[in-house]
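Q: Based on these hints, arrange chains A and U on the given structure of chain W.
Chains as they are written, first to last, in the numbering used here: chain W, 22 to 159; chain A, 22 to 159; chain U, 22 to 159.
Treat the hints with care, since some could be wrong.
Because identical chains share one entry, a pair is satisfied inside a single copy or across any pair of copies.
Unchecked claim - No more than 25 Å apart at the CA atoms, straight line, and that leaves these computed lysine to any residue pairs for SDA-like:
1) Lys52 x Trp30
2) Lys130 x Asn76
3) Lys150 x Leu91
4) Lys150 x Pro93
5) Lys150 x Gly129
6) Lys150 x Gly104
7) Lys150 x Phe31
8) Lys150 x Thr127
9) Lys23 x Thr127
10) Lys23 x Arg149
11) Lys52 x Gln82
12) Lys150 x Met118
Keep in mind that the hints were calculated from the coordinates and are not lab data.
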Amino acid sequence: MKSYRQELWFNTRRRREYLNLTPQVEECLQKSGIREGLCLVNAMHITASVFINDNESGLHQDFETWLEKLAPEQPHSQYHHNGAEDNADAHLKRQVMGREVVVAITDGKLDFGPWEQIFYGEFDGGRRKRVLVKIIGE
Amino acid sequence: MKSYRQELWFNTRRRREYLNLTPQVEECLQKSGIREGLCLVNAMHITASVFINDNESGLHQDFETWLEKLAPEQPHSQYHHNGAEDNADAHLKRQVMGREVVVAITDGKLDFGPWEQIFYGEFDGGRRKRVLVKIIGE
Amino acid sequence: MKSYRQELWFNTRRRREYLNLTPQVEECLQKSGIREGLCLVNAMHITASVFINDNESGLHQDFETWLEKLAPEQPHSQYHHNGAEDNADAHLKRQVMGREVVVAITDGKLDFGPWEQIFYGEFDGGRRKRVLVKIIGE
Chain W
22 MKSYRQELWF NTRRRREYLN LTPQVEECLQ KSGIREGLCL VNAMHITASV
72 FINDNESGLH QDFETWLEKL APEQPHSQYH HNGAEDNADA HLKRQVMGRE
122 VVVAITDGKL DFGPWEQIFY GEFDGGRRKR VLVKIIGE
Chain A
22 MKSYRQELWF NTRRRREYLN LTPQVEECLQ KSGIREGLCL VNAMHITASV
72 FINDNESGLH QDFETWLEKL APEQPHSQYH HNGAEDNADA HLKRQVMGRE
122 VVVAITDGKL DFGPWEQIFY GEFDGGRRKR VLVKIIGE
Chain U
22 MKSYRQELWF NTRRRREYLN LTPQVEECLQ KSGIREGLCL VNAMHITASV
72 FINDNESGLH QDFETWLEKL APEQPHSQYH HNGAEDNADA HLKRQVMGRE
122 VVVAITDGKL DFGPWEQIFY GEFDGGRRKR VLVKIIGE
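Excised from the complex, chain W in its bound form (with noise of 0.2 Å):
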């Protein structure tokens, strides 16, 4: 069994933002030499989420929307976390979008459905974050 593993870091500008990893975790997986395994993508922090949907600007402007409505960031007050933080809300939201994907690796390639692409989403983001990619297999 092989086993290969890397960080990709990134610091969003915003608060909250979707950012496209697949390039970045199909260059892992030619680094790796793997043909055959399954891949791990998770945040390395407990505000962030790694998820497959779609490539698809207005989808992401609906997940604003949407992750606002069922975990709002405001009022900060209204969540018992934010006595010394202001960003219960993006522990939540993190809940709905998921820490993780494992995504199947086939005769050297991610082992995708025509559309799946893999997401970074921040909510509480203008620092410095990681993602771990870690691939097993031969």
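A: Leaving out everything else, chains A and U in the frame of chain W:
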């Protein structure tokens, strides 16, 4: 390390529907010959889910009502994504229900608690869709 | 490839409760002797979750309030599933919080960011429940 890959195809009649995949995943596992490892089952489309919950039709009706409350289909015009499409709600519902499950394989079986069953959740049906089963282990 | 399996059992006093599993999962990893691989931790019951988030009691109170808003327990009669049971809300809450986490194992350790901790989220407690830890790698 051994690996096994199979696609499962569906064509639902209704826009939203739940299908029990457990027997088909068990069949994949038998064919794989793998006794110890991990089994990934994921939707290959971004308006559908694979998840584990109860095989109980009343609960599936509750999912329908609940997901329509959290991410209503209508009016289509409420979503930016629906400029050219009408399935933004399906992309959101899929985030709540999840893209994939990872199941332990122990002694040649899906290592499940008493009520765990694997479901395909379709949120934009009426066309052919597929699920990927990838098993690694030995 | 090596594999390791262990069940962790709980009996919560309250209907809803959050337990930090990180020390027990670390103990499983030590016993496994696995240095590089993947660790799956999943609820074996369908009214409970395993998820990764902050070890902060204020946030756990926020989870309680938020999940009750998204999928209220009462009135029980609002759910079809509650003909013979009263835990439909627990099946829904578990979908928001997720069934499982997959954690990278690197150099014999859970490969975590600074604040990542593994929690068991109980949504229908007061009876014995279990979590599965399955580790594969070498």
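Q: Please go over all the hints and tell whether each is borne out by the structure.
A: Evaluation of the provided hints:
Proximity of lysine 52 to tryptophan 30 under the C-alpha cut-off of 25 Å is restricted to the intra-copy arrangement: shortest distance 17 Å within a copy versus 32 Å between copies. Proximity of lysine 130 to asparagine 76 under the C-alpha cut-off of 25 Å is restricted to the intra-copy arrangement: shortest distance 19 Å within a copy versus 34 Å between copies. In the homo-oligomer, the alpha carbons of lysine 150 and leucine 91 lie at most 25 Å apart inside one protomer (24 Å), although the nearest pairing across protomers, at 29 Å, exceeds that limit. When the C-alpha separation of lysine 150 and proline 93 is checked against a cutoff of 25 Å, the pair qualifies only within one copy, where the shortest distance is 22 Å, while the shortest distance between copies is 33 Å.
In this assembly of identical chains, the alpha carbons of lysine 150 and glycine 129 lie at most 25 Å apart only when taken from different copies (24 Å versus 28 Å within one copy). For the identical chains of this complex, lysine 150 and glycine 104 are intra-copy neighbours only, at 23 Å inside a copy versus 33 Å across copies, given an alpha-carbon limit of 25 Å. For the homomeric pair lysine 150 and phenylalanine 31, the shortest alpha-carbon distance inside one copy (5 Å) is at most 25 Å, but the shortest distance between copies (34 Å) is not. Taking the closest pair of Cα atoms, lysine 150 and threonine 127 come within 25 Å of each other only across two copies (19 Å); inside a single copy the shortest separation is 29 Å, beyond that limit.
Proximity of lysine 23 to threonine 127 under the C-alpha cut-off of 25 Å is found in both arrangements, the shortest distances being 15 Å within a copy and 12 Å between copies. Taking the shortest alpha-carbon separations for lysine 23 and arginine 149, neither the intra-copy value of 30 Å nor the inter-copy value of 36 Å comes in at or below 25 Å. In this assembly of identical chains, lysine 52 and glutamine 82 lie within 25 Å of each other by CA distance neither inside one copy nor across copies; the values are 34 Å within and 43 Å between. Within a single copy, lysine 150 and methionine 118 get their C-alpha atoms as close as 17 Å, and across copies as close as 22 Å, so both meet the 25 Å cut-off.
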